[in-house]
Amino acid sequence: MGLLRMLKNDKGGQIFLGVLVATLIAVPILHALPTDHPLHLSTYMVTLLGKYLTYALLAVAVDLVWGYLGILSLGHAAFFALGGYAMGMYLMRQIGERGVYGDPVLPDFMVFLNWTELPWFWHGFDMFWFAILMAMCLPGLLALVFGWLAFRSRVTGVYLSIITQALTYALMLAFFRNEMGFGGNNGLTDFKDILGFSLQDDGVRVGLFIASGLMLGLGYLACRVIIQSRLGRVAVAIRDAEDRTRFIGYRVERVKLAIFTFSAMLAGIAGALYVPQVGIINPSEFQPLNSIEVVVWVAMGGRATLYGAVIGAIGVNYAKTWFTGAFPDAWLFALGALFVFVTLFLPRGIAGLFKHSLLRKRAKV
Amino acid sequence: MKSGLLQRDRVFDFMTPKKVEGLDLKHGTVLYMEDVSVTFEGFKAINQLNFYLNTGELRCVIGPNGAGKTTMMDIITGKTRPDTGSCWFGQKYNLLQMDEPEIAQIGIGRKFQKPTVFEQHTVFENLELAMAGPKTIWSTFVAKLNGEQRDQLDQILAMICLTEEHSRLAGLLSHGQKQWLEIGMLLMQNPLMLLVDEPAAGMTHQEMDRTVDLLTSLAGNHSIVVVEHDMEFVRALNSRVTVLHQGAVLMEGSMDAVQKDERVVEVYLGQ
Amino acid sequence: MRILTIIFLGLWLNSAYAAKVNTGDALLDAAFDTLLGRDFVAKEQALNAIAQSGHAKADVLIQGVLAGNLKLEKQSRRLVFAEKQGRQFLATDALNGDVLGEFKKRKLKKFAINNKLRRFIRDLIATQNLKSPDPGLRLRAVQVMLANPAAEHAARVEPLIHAETDEVVKSTMQRVIALSHLNADDPKLRLRAIHQVSGSLDPSVRNQLADLTAKDASPEVKAAAARALAQIDRRIAWFGHLETLFFGISAGSVLVLAAIGLAITFGVMGVINMAHGELIMLGAYTTYLIQLVLPDLPGLSVLLAIPAAFAVSGLVGIGIERGVIRFLYGRPLETLLATFGISLILQQLARTLISPQNVPVSNPDFMSGLWQINSVFALTYNRLYIILFCLLVFAALFFVLKRTRLGLEVRAVSQNRTMARAMGVRSARVDALTFGLGSGIAGVAGVALSQLTNVGPNLGQAYIVDSFMVVVFGGVGNLWGTLVGGLSLGIANKFMEPWVGAVMAKILILVLVILFIQKRPRGLFPQKGRATEH
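Residue numbers (the numbering used here), protein chains in the order written: chain A, 4 to 368; chain B, 47 to 317; chain C, 3 to 536.
Next comes chain A alone, as it looks inside the complex:
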């Protein structure tokens, strides 16, 4: 009941959730069809869709802070990657003796570096629940510490964007170092199984796809709950007139910190779901480009709508997959042009167009 009431004024959200549920039902069925059936969906496609869904969740997290709180974070790729690394560490530990060097505890790259003992921060990651917890808590903790420092001293706007980018850049450099104990350049890869099931198994692939879809739905609803509450209205108030919000007695810093941290945790979950599907996590996920790309998905789909972020993430990534297959050199041209086009001609994104036409229809009636 509460759910329906919440979505009452969220036409786009209703449609989005409807489509999501339909997809989650349809994809496993289409996949189960015999391979020669024209509607059969290959495992590759299922995994691709699952990857898109994790991107969509990341985009929703970015839209929450950018669209509603006015913080243009160029650091969400870092939260995503940290979540991914947490999951990657679990998957690494699951390899066990099947690694090239056959060490029961140490992952291959540690044996290669002549390490004899598991570093302290790798302990516990053999347990799935712990890895999932860390996939949420590590990005959350980073966001909490960074946000506490930044918001307290009232770093806002472009400054904040730039230092979030610097943070991500610093993390990238750090993870490139072998001494960090995260596989350096190559990152973590060659995963074998998750929760005892082989990652190569079709059923596991479908399972991961469904998990991604469910988390996207849940993440969307959680963000919706925040936005519909008075806290969400305070967030928008901060976005539009930060000082005024302070003068009517709200602790702007804490509101920002809470929502930013929550958003980072969502990004971490998205990263944790992403890694088992693509089978690798390495420091290039921290690239500044990645963070900014997410922002463009959101801008493309339409900020401050949440479902727009989903449209943007899936749309842009589908285009990316298609381009890199058909014209590999042209992708960066297209992406660059998209950045310019969206900011100049589509400031409210696709969702904005949609809303606009909706309003006009209403006006006619």
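Just so you know, not all the hints are guaranteed correct.
DSBU-like mimics (lysine-lysine), calculated; alpha carbons at most 30 Å apart, straight line [to be verified]:
#1 C:Lys76 to C:Lys118
#2 A:Lys323 to A:Lys358
#3 C:Lys111 to C:Lys86
#4 C:Lys111 to C:Lys59
#5 C:Lys190 to C:Lys172
#6 A:Lys14 to B:Lys90
#7 B:Lys125 to C:Lys521
#8 B:Lys190 to A:Lys358
#9 B:Lys90 to C:Lys190
#10 A:Lys11 to B:Lys190
#11 C:Lys118 to C:Lys172
#12 A:Lys54 to A:Lys323
#13 B:Lys90 to C:Lys404
#14 C:Lys76 to C:Lys59
#15 C:Lys86 to C:Lys59
#16 C:Lys86 to C:Lys133
#17 C:Lys118 to C:Lys217
#18 C:Lys133 to C:Lys76
It is worth saying that the hints were derived from the structure and are not from the lab.
For this one, chain A is given, so just place chains B and C on it according to the hints.
Chains B and C in isolation, oriented as in the chain A frame:
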């Protein structure tokens, strides 16, 4: 509608400010500013300012541009920290050690020179956000309007004549309406002391009259500082006037006395 | 072992034959006869006699004795230079150069020398060279002495030092004397020498002092040497810091160059230009292209590249401003995104049109080499030029902004656009020119970077984060802030590097800047005033 709400003999319960815990007003003075100085890059915006406000008093502050009126409000509300001096709210609260939200929470409300409302929120939501009450994250997250609060909102809406517009986006209001909305938000906070910066700017004569009525009716229960350029408006408020010049108090007195004072005339008309 | 064998062999042969040398010069004959003998003291005297004989071939002969290829042909008793050819030796007359044909080994007799004699000969040659009219030879001679310090050097050099005209040779001679006194037998002399050399940065002095500290007989000398050694080490460490400082300043200059264009577009205009790095990249590629046209003139092409890169990047910058940014004024976050898109396009253009790989850019001659200030401290010219270039660019920019009409208009527009417009400033034109100026400077920075790092499509990306850090750290809207900020970040980086490694130093710097911005959100040199408060 408007006249009824502004009748002096009717006092709405929400217009009686809530008790601020520990605020000791037995000396009859609600605001003390002593020896306050602020320098911006060599420029003394506030220079050894002394300013006292009595409980329940309505005070107008006038002065030429750059006299330090807005800076004074910035100091009281915690936006600007003075280099020297002290600033106390009652006997208990040292305003110089508190930040903006804390100061707002102990009952000091402020209306900005340029009307600032939350443009992407409706009029109703603007007032709801400003409503007095706990403003921690969790309480904000779970907050729901109860009937009493809804009534209070409706009353204020009526008082600022925006009942019709309650679900319009605040960004779509006219300049005068925004001024009223901001005053409404100030009232929703139910503060003990109000700092009102140029309330009459962009208002029609009628609206101005209503503002005067409102402010004078609030005085007594609230302490009010009004900064204004419009002398007619100040005269209509019929209160004590403080003249600021170059960051310090030039003189204090009734409007008549002020207007007769040679120094004030000189300051306003130029040497 | 081999030497011993030779000596033994020499002795044995000597006892077997008592052949006399016949060169036609009595003095040489006597001397070389002695050299065939066993008395090594006499041999030294004989060599001395040869050296001082004034004979035209004296030097060559002595060299031959040292090298071991001067031999006595037993039959004709002539001195020959023997060169091994298969199992035989090809002999040429040492005095007139006639080829005498091949000889069996046993037909030739060596002049036996030992290690002590070998050193003696070397010194002898050096002393001979000391008197050479060629200052280059003289310098080499004293340097040989420096490298093999010995007590007797002093006596050899001292008589010559007053007549020496070349300053470098003279000062090296003084060092030789001091060094040789360190080896003197008299401990007092050694003490005085230690006193004289204290503070010298000469590595041979340091080695000698270390030797004395370790094993000198006199405890007094030992202690003095230890003190002198410590002092030298302190000076070396000090110069080490100076060198780090120099590295830091040059690294900082690179940062300043990269950031200063940004300081204009971001600081003065408030525009976030994420394509700034790619404008730097364009400048670097311009250098590359000009070098393609003028492959034989790397120096000229680099000089030409400076105005060319300014023009290329500046025009591209104006294009970006007119085409995109001007529609986004007042929307900084959107500007950030749009310019990032442009940066992607420019990068990909470089990949598609030129190459996805790095391209080679050569350094002109005047950029390579060292300025050796003393034996432990040298400045490389390329770093030195970068520092100078950075200061030059800074000064030029400062001049443009403070002393020209354009600068005045830029400052006016940046402070109050509406008012400037009301005063007749064409703000659109000023915006375009300012952006062009900032972009052009980025291009010039690219020329400088092409001389230091790899030129490739990713060049810009590597600098964009650093550049923003510099501007933000120094304080937006303040050129001095950029200069001080860039230099201090460069210096801090270089001082941290030895402790934690290059990558970690970079990370730490980023983290420190992030923390610093928390403390002072407006940077080192904030723009003050009431205007920024609202």
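Violating hint indices (sorted, rising): 6, 9, 16 and 18
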